[in-house]
Amino acid sequence: MSKVHRFRVFANVVLLPLLTFSAFVGGWEAIVRLFGISKIVLPAPSAIALAFSDGLLSGDFVWHLAVTMYEILAGFMLGALSGLLLGFIVALVPLAERILYPYIVAFQTVPKVAIAPIIVIWFGYGVSSKIVITAMIAFFPLLANTIMGLRATPHDQIEMLVSCTASRWQVFIMVRLKQALPYIFVGLDVAIVLAVIGAIVGEFVGAKAGLGYLILQKNFNFDMAGTFAILIILSAIGVGLHAIVSLLRRRVVFWMDTSGDQVMGA
Amino acid sequence: MSKAAPLERVSPSPMLASTVRPSAASIDAACEPLVHIAALEKIYATKDGESIHALKDVNLDIASGEFISVVGPSGCGKTTLLKILAGILARSSGEVTMEGRRLSGPSRELGVVFQAPVLLPWRTVLQNVMVPVEVQKRDRRTFEQRARELLRMAGLAGFESKYPGELSGGMQQRVGICRALVHDPSFLLMDEPFGALDAMTREQMNEELQRIWTASRKTVLLVTHSIPEAVYLADRVVVMTPRPGRIVDVIPVDLPRPRTLAMHNTPEFGRFVARIRAHFHSVGSLDT
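Protein sequences, first through last, are from chains S and P. Sequential numbering from 1 applies to the first sequence in the numbering used here. Sequential numbering from 1 applies to the second sequence in the numbering used here.
If you're looking for bench data, these hints aren't it; they were derived computationally from the structure. Some hints here could point you the wrong way.
[Unchecked claim] What the simulated footprint calls covered on chain S by chain P, stretch by stretch (three residues with Cβ under 8 Å from a Cβ of chain P suffice, anywhere in the stretch; the number is not a length):
no., stretch
1, 14–25
2, 173–181
[Said to hold, decoys possible] On the chain P side, residues computed to face chain S include the following (Cβ under 7 Å):
no., residue
3, Ile88
4, Ala90
5, Arg102
6, Val112
7, Pro121
8, Trp122
9, Leu126
10, Pro132
11, Val135
Where is the CB? At the ideal position from N, CA and C, for every residue including glycine.
I would like the entire structure built from these sequences, with the hints used as guidance.
This is the structure:
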């Protein structure tokens, strides 16, 4: 009984995804070979794998990966922290909300990608311009979700605390902050994925290093296999960072069993 | 800092059980009441500019140690009255004093049980019960023992480190009651605490509440829409009618204590229920 059950779990979790993945890659390889598709148009999986290992072994990828990771993480930290901070101020100080909110909304409606060239001129071709662009993109999800979260406390919880003589500060610490956490984590999750995009967009506009810079270079040389290899790295970064945030969320917001499906401010 | 009175055992001791508590009627009028409510009014302004007269000329004195039930159809302002007494809702006019002091906000001497359990999902059962102790910065060690004892009394021993999400609705409500009692308040306010429970659990909780009250001599104001529940528990039943919410009758219930569930079927009990119900017939609100 239990053996059968274990096999089922194994089949569902390991065997099935492995099978579909193999079928997908195998089909791709077969089509490229069968129809003789040019490697400039669509490289075969085997060619991508080769480019991937070449890039890693030559140390070429590693340096650019380090640069991009630095941009992503530094930009994310900067953007998330300022979004969080401003979110607290706006949610807690009514005057600040009246003064700041129109500007915040106006700022959000401007596509950050469109500002990227200006930022590169202001901050140069080095990492700092990418950090600023990434931070701008990561900023808003945190701001919006922090504000929403701090307003999400059910009225009866506040009444309950006030009825046992809690001060405003105690209400904030004991319930409002806690109720905001699930929202803040949704913001972090959105922001970390957007941060990857921010860094790459920044590098596309003008850079001296990084995976985005490398993609452009490979594209110019019609090295499609190399471009695809970098795309794999980029999606791995996205998936990995998202997994870290999800893990943290499950630890911190343990009382919520719903996964982050209420995405706001993306 | 109030004294942390050790909990009296609730297993009905013959001594306590046979004591007939003084009913409100027998309390000397000259004796200072615990709570004095005079000409209390509450008018809500709705969003479209209209005003709702939720409470009109409410007068009531509550003696220390008395059990008061407030009954009335929905919309009669009974919850409004409770929230004003709890200090979480401002009154429009009128006088409310508690132990001679003018009521101006929540008090440490109050315990409130709400319609919903209102537990914090990130806190364990024990941590939830300890909320008033933390808020009021009372001695954690002393009161944690008290909290554990209350949970044991409420049949929740072994659930101390569970989270509210793992409990049934009835258990959650009992946690809410323990939380209201943990800091040993002298005045307990209960807003339809058993409304969400099934009939069986409800009767059981009524018995439990009578036991706790007999043992702890707290003043209780219970808001309910169940007439039998009101009669079963109270020294006096306050009857309210809606639009505008006001008190139409205060009925002393002199049934002997401790009361048993079997008393529900006695003619005396029936007479109290009938008298209260007549008030609602007369105003045409039959939703109780």
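Hints that the structure is at odds with (numbers, increasing): 1, 4, 5, 9
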